[in-house]
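Protein chains: 2
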Amino acid sequence: MRVEIMTTGEEVLSGQIVDSNAAWISQILSDQGLETARCYTIGDRLEELTEVMDQRAREADLIIVNGGLGPTDDDFSAQAAARALGEPLVEFSEWVEALRHKFTRSGRELTARNLKQAMLPRSATMLDNPRGTACGFVIRLHRAWLYFTPGPPNEMRKMMRDEVMPHLRAHADLPPSAFIKKMTCFGLGESRINDLVAEIPLPEGTRLGFRAHFPYTEIKIMGFGDETRARVDQVAEGMRGVLGANLLFEDDQSLAGCIQEAMIDRGLSLALAESCTGGMVAASLVEVPGSSAYFHRGYVTYTNASKVDMIGVPNALIESHGAVSLEVAREMALGAQKHAGTSHAVAISGIAGPDGGTDSKPVGTVAFALAHPQGHHACVMALPNWGRAKIRLGATTIALDMLRRHLLGKPVYPSYDYAKVTRSEDR
Amino acid sequence: MRVEIMTTGEEVLSGQIVDSNAAWISQILSDQGLETARCYTIGDRLEELTEVMDQRAREADLIIVNGGLGPTDDDFSAQAAARALGEPLVEFSEWVEALRHKFTRSGRELTARNLKQAMLPRSATMLDNPRGTACGFVIRLHRAWLYFTPGPPNEMRKMMRDEVMPHLRAHADLPPSAFIKKMTCFGLGESRINDLVAEIPLPEGTRLGFRAHFPYTEIKIMGFGDETRARVDQVAEGMRGVLGANLLFEDDQSLAGCIQEAMIDRGLSLALAESCTGGMVAASLVEVPGSSAYFHRGYVTYTNASKVDMIGVPNALIESHGAVSLEVAREMALGAQKHAGTSHAVAISGIAGPDGGTDSKPVGTVAFALAHPQGHHACVMALPNWGRAKIRLGATTIALDMLRRHLLGKPVYPSYDYAKVTRSEDR
Chain E
1 MRVEIMTTGE EVLSGQIVDS NAAWISQILS DQGLETARCY TIGDRLEELT
51 EVMDQRAREA DLIIVNGGLG PTDDDFSAQA AARALGEPLV EFSEWVEALR
101 HKFTRSGREL TARNLKQAML PRSATMLDNP RGTACGFVIR LHRAWLYFTP
151 GPPNEMRKMM RDEVMPHLRA HADLPPSAFI KKMTCFGLGE SRINDLVAEI
201 PLPEGTRLGF RAHFPYTEIK IMGFGDETRA RVDQVAEGMR GVLGANLLFE
251 DDQSLAGCIQ EAMIDRGLSL ALAESCTGGM VAASLVEVPG SSAYFHRGYV
301 TYTNASKVDM IGVPNALIES HGAVSLEVAR EMALGAQKHA GTSHAVAISG
351 IAGPDGGTDS KPVGTVAFAL AHPQGHHACV MALPNWGRAK IRLGATTIAL
401 DMLRRHLLGK PVYPSYDYAK VTRSEDR
Chain F
1 MRVEIMTTGE EVLSGQIVDS NAAWISQILS DQGLETARCY TIGDRLEELT
51 EVMDQRAREA DLIIVNGGLG PTDDDFSAQA AARALGEPLV EFSEWVEALR
101 HKFTRSGREL TARNLKQAML PRSATMLDNP RGTACGFVIR LHRAWLYFTP
151 GPPNEMRKMM RDEVMPHLRA HADLPPSAFI KKMTCFGLGE SRINDLVAEI
201 PLPEGTRLGF RAHFPYTEIK IMGFGDETRA RVDQVAEGMR GVLGANLLFE
251 DDQSLAGCIQ EAMIDRGLSL ALAESCTGGM VAASLVEVPG SSAYFHRGYV
301 TYTNASKVDM IGVPNALIES HGAVSLEVAR EMALGAQKHA GTSHAVAISG
351 IAGPDGGTDS KPVGTVAFAL AHPQGHHACV MALPNWGRAK IRLGATTIAL
401 DMLRRHLLGK PVYPSYDYAK VTRSEDR
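So the protein sequences, as listed, match chains E and F.
Okay, so the first sequence: first residue is 1 according to the UniProt record's numbering, each after it adds one.
Okay, so the second sequence: first residue is 1 according to the UniProt record's numbering, each after it adds one.
Careful: at least some of the hints might be erroneous.
Claimed, not checked - In silico lysine-lysine, DSSO-like type, Cα no more than 30 Å apart, as pairs: (1) F/Lys390 <-> E/Lys220; (2) F/Lys181 <-> F/Lys220; (3) E/Lys182 <-> F/Lys181; (4) E/Lys116 <-> F/Lys338; (5) E/Lys390 <-> F/Lys220; (6) F/Lys361 <-> F/Lys338; (7) E/Lys181 <-> E/Lys390; (8) F/Lys158 <-> E/Lys390; (9) E/Lys390 <-> E/Lys410; (10) F/Lys390 <-> E/Lys116; (11) E/Lys158 <-> F/Lys116; (12) F/Lys390 <-> E/Lys390; (13) F/Lys410 <-> F/Lys220; (14) F/Lys420 <-> E/Lys102; (15) F/Lys220 <-> F/Lys158; (16) F/Lys182 <-> E/Lys390; (17) E/Lys158 <-> F/Lys181; (18) E/Lys158 <-> E/Lys116; (19) E/Lys181 <-> F/Lys390; (20) E/Lys102 <-> F/Lys361; (21) F/Lys410 <-> E/Lys390; (22) E/Lys220 <-> E/Lys181; (23) E/Lys158 <-> F/Lys158; (24) F/Lys182 <-> E/Lys116; (25) F/Lys220 <-> E/Lys116.
Unchecked claim - Some chain E residues well away from chain F (every beta-carbon gap over 12 Å; in silico): (26) Val18; (27) Glu35; (28) Val96; (29) Met183; (30) Ala212.
Worth flagging that the hints you see were computed from the coordinates, not collected in a lab.
In this text, all values refer to a predicted model and were calculated from it rather than measured experimentally.
For each residue, glycine too, the CB sits at the ideal point set by N, CA and C.
Bound-form chain E, shown alone (with noise of 0.2 Å):
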């Protein structure tokens, strides 16, 4: 079965938007043991859309095209299937409704310009989008099934599960769908991953795949066939092996996630104190629902006189040792924790640049300090230069993964593959 992905848009082809569409659509395929074969992406001009989708209908079995459902006067999509099948436009009665009730539903007045959004070339079949005003749709033209989506990430992702896959299921003769294991590690570089994965042995119908999506990678197990599912799982208790505590989390769990249910389960609370990353890590815990039965408050203490003031950072040790440094990041831990009365605290104080770098302290410089009822850790940890934003990403990622640890009684202080712990005190 030849599998092809056709994203269209100036957005994407002028560079604007990196596509990462296609990239998730070939993704969610290869899980069902579909290869693509091709992708490309055709700018908003009919002519050039109703060839590409006549002439590599002709070649592919399956299409899947992305975007042009919009509004607005640049998306083309239905009207190049209309032409390229050689049928008119009609209205969809049945989208028209759904959009009545959408817009009345939000107070919002229904216009002329969405109705277009509803017109659909005639043999097609709609599919719904429960998240956004373009619904779906397939045709089948000359050799190929072709399916239509969404541009927006979200509305495409829903429409590709519920609406796409179970249609192609039922009018395809697909193979059989993959047994897929999902592990997400931090702190190992490519090469490094590659290395220790090659140490295990990999039985016949299972495949390995890779993603890197800073900070983390992704490692993907796959089966194709019933009787792989246990060949999957030894491959899975392999990796467990070789990645120890470089291991996040497997599956859909998040790294929050896994910390919250560690932290509900055991009746702890949490308060953060944050310097350079300004709110990252108080802001990543609360993206999960729940959030509130265990972090309680965050102290974002981006001025010096405001880790004074705020949690008692005594202002000699700022002046001696610097506001990033070990000192200062385990009296922000001890002081968040004793002034939120909780039963953890993390704090993070770094350089993420581009300028305030110093030759003793360079741009990437962040200290962590973990307080807990016993005691605490602090360090000092040397990130490289990665520009701001990924500093920020790093050390949020890493203090996250620092309470992570000490949660699951594995050693605190990680040795990534490209920050190594400078200095280091545990009480």
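Position chain F against the provided structure of chain E, taking the given hints into account.
Chain F alone, transformed into the frame defined by chain E:
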């Protein structure tokens, strides 16, 4: 001049890595006035690569090929080019010498595998790659110039700048560079923007582009040719008129950057009190280097007790009005301003869901407040139930937008297409 970009590689095709090279190449070409008409990704398959090269070189005038120049068995770009040309691959002694030099310098042994990288189609012109072992090359096939560049981004980027663009300028008749004006707006639906924009006449040689990227919509005004510069300015002026206070910023500014500039210019200072956004507002301000010059601290008051304890919100007020109320948001802002000793403070308290909504305060209800030296503004808004992540991001942007509007002397309470103020108070 018809421009296309061809990327090769199974890891791009299978979605294991998101292809950002094509977007980068498209941007650098666009800066030269060259609009990319099509992008495609082909797997590491010799026949298909050859076929696509042969076919596209009959349609396009310029094709940038990226990837497939490595030393391994699945790197086919040079071989495919030679087949499409009907030429043999020959050893380019200049690159053999360069490789010998590179390997000697790094103490590695030059293998037959690497010598493969010096084999180019006979009529090719070599392009230097000071950062890697794969040289690039350019060929003339049918009507097109084809430039072959390596996959690693740092090697590709240097080659595009130092080799491809100069060669292209010397051998092709390039159009004048485009003038581009970007305007980012917030709070207007896509179809509303289209209607507003339709009021502005578009002079010859200018074009509009749109890009929705939640929570923003970016409008790009492009002009092609020297004589269009004034026309682009004229369209921009009209755009400012119709967008009004919904125009957030222009070109490469950012919302946090605009706020930072206005705050520092006037010697103002800021504190934050966040509940449902849990540090997101603080984190987005700290994203901009130099933010410490005006942003002092943030209170992430996630629990009711922390609102009372950290910034003195009266407990009775929380009990009578609820934590998500105009009254509590107002006291959070006033409390943060007072405790931090800043000129301004912004506060947010809302219901991000999925749980916690009631009939009178459904998920998406968010209270905002802004304390300034002369008084305060406070309001409650009803956001759509976009889901937790988007409600939090939307609330973050609304809070920053209120501050921006206040600083610029615009109406503080916005009227967004999708979220209305249901109650407000100004003292």
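Hint by hint, here is what the structure shows:
1. Distance restraint check for F/Lys390 and E/Lys220: the Cα-Cα separation of roughly 28 Å lies within the 30 Å cut-off, and the hinted pair is therefore satisfied.
2. A distance of roughly 6 Å separates the Cα atoms of F/Lys181 and F/Lys220; the hinted pair therefore holds under the 30 Å criterion.
3. Between E/Lys182 and F/Lys181, the direct Cα distance comes to roughly 43 Å. Violation of the 30 Å bound is thereby established for this hinted pair.
4. Annotation: proposed proximity of E/Lys116 to F/Lys338 is violated, straight-line Cα distance about 53 Å (limit 30 Å).
5. Proximity of E/Lys390 to F/Lys220 is assessed by CA-CA distance (about 28 Å); at most 30 Å being required, the pair is judged to hold.
6. With a CA separation close to 29 Å, the supplied pair F/Lys361 and F/Lys338 stays within the 30 Å bound.
7. With a C-alpha separation of about 28 Å, the suggested pair E/Lys181 and E/Lys390 falls inside the 30 Å cut-off, and the hint holds.
8. Restraint check for F/Lys158 and E/Lys390: satisfied, since their Cα atoms lie roughly 22 Å apart, inside the 30 Å limit.
9. The suggested pairing of E/Lys390 with E/Lys410 holds, with an alpha-carbon distance near 25 Å, which does not exceed 30 Å.
10. Taken as a hint, the F/Lys390 and E/Lys116 pair is honoured in the structure, with Cα atoms around 26 Å apart against an allowance of 30 Å.
11. For the hint linking E/Lys158 to F/Lys116, the alpha-carbon distance of about 45 Å lies beyond 30 Å, and the restraint is violated.
12. A hinted pair counts as satisfied when its Cα atoms are at most 30 Å apart, and F/Lys390 with E/Lys390 qualifies at roughly 22 Å.
13. Under the criterion of a C-alpha separation no larger than 30 Å, the hint pairing F/Lys410 with F/Lys220 is consistent with the structure, at around 24 Å.
14. For the hint linking F/Lys420 to E/Lys102, the alpha-carbon distance of about 17 Å falls within 30 Å, and the restraint holds.
15. A threshold of 30 Å between alpha carbons decides the hint, and for F/Lys220 with F/Lys158 the separation of about 27 Å falls inside it, so the pair holds.
16. Taking the CA atoms of F/Lys182 and E/Lys390, the gap is near 26 Å; set against the 30 Å cutoff, the hint holds.
17. For the given pair, E/Lys158 sits about 34 Å from F/Lys181 by alpha-carbon distance, which is inconsistent with the 30 Å threshold.
18. Between the alpha carbons of E/Lys158 and E/Lys116 the distance comes to roughly 22 Å, so the proposed pair stays at or under 30 Å and holds.
19. For a cut-off of 30 Å, the pair hint linking E/Lys181 to F/Lys390 stands: about 28 Å separates their Cα positions.
20. Of the pairs offered as hints, the one joining E/Lys102 and F/Lys361 holds, with about 20 Å between alpha carbons and a cut-off of 30 Å not exceeded.
21. Proposed proximity of F/Lys410 and E/Lys390 is contradicted: the alpha carbons are some 35 Å apart, above 30 Å.
22. Taking the CA atoms of E/Lys220 and E/Lys181, the gap is near 6 Å; set against the 30 Å cutoff, the hint holds.
23. Under the criterion of a C-alpha separation no larger than 30 Å, the hint pairing E/Lys158 with F/Lys158 is inconsistent with the structure, at around 39 Å.
24. Taken as a hint, the F/Lys182 and E/Lys116 pair is honoured in the structure, with Cα atoms around 27 Å apart against an allowance of 30 Å.
25. The suggested pairing of F/Lys220 with E/Lys116 holds, with an alpha-carbon distance near 24 Å, which does not exceed 30 Å.
26. Its beta-carbon lying about 5 Å from the closest one in chain F, E/Val18 breaks the requirement of being farther than 12 Å from that chain.
27. A cut-off of 12 Å between C-beta atoms contradicts the statement that E/Glu35 is not in contact with chain F; the least separation is 7 Å.
28. The claim that E/Val96 lies off the interface holds: its Cβ sits roughly 16 Å from the closest Cβ of chain F, which is beyond the 12 Å cut-off.
29. Every CB of chain F is more than 12 Å from the CB of E/Met183 (nearest about 15 Å), matching its label as outside the interface.
30. Under the 12 Å C-beta cut-off, the non-interface status given to E/Ala212 relative to chain F is violated; the minimum distance is some 7 Å.
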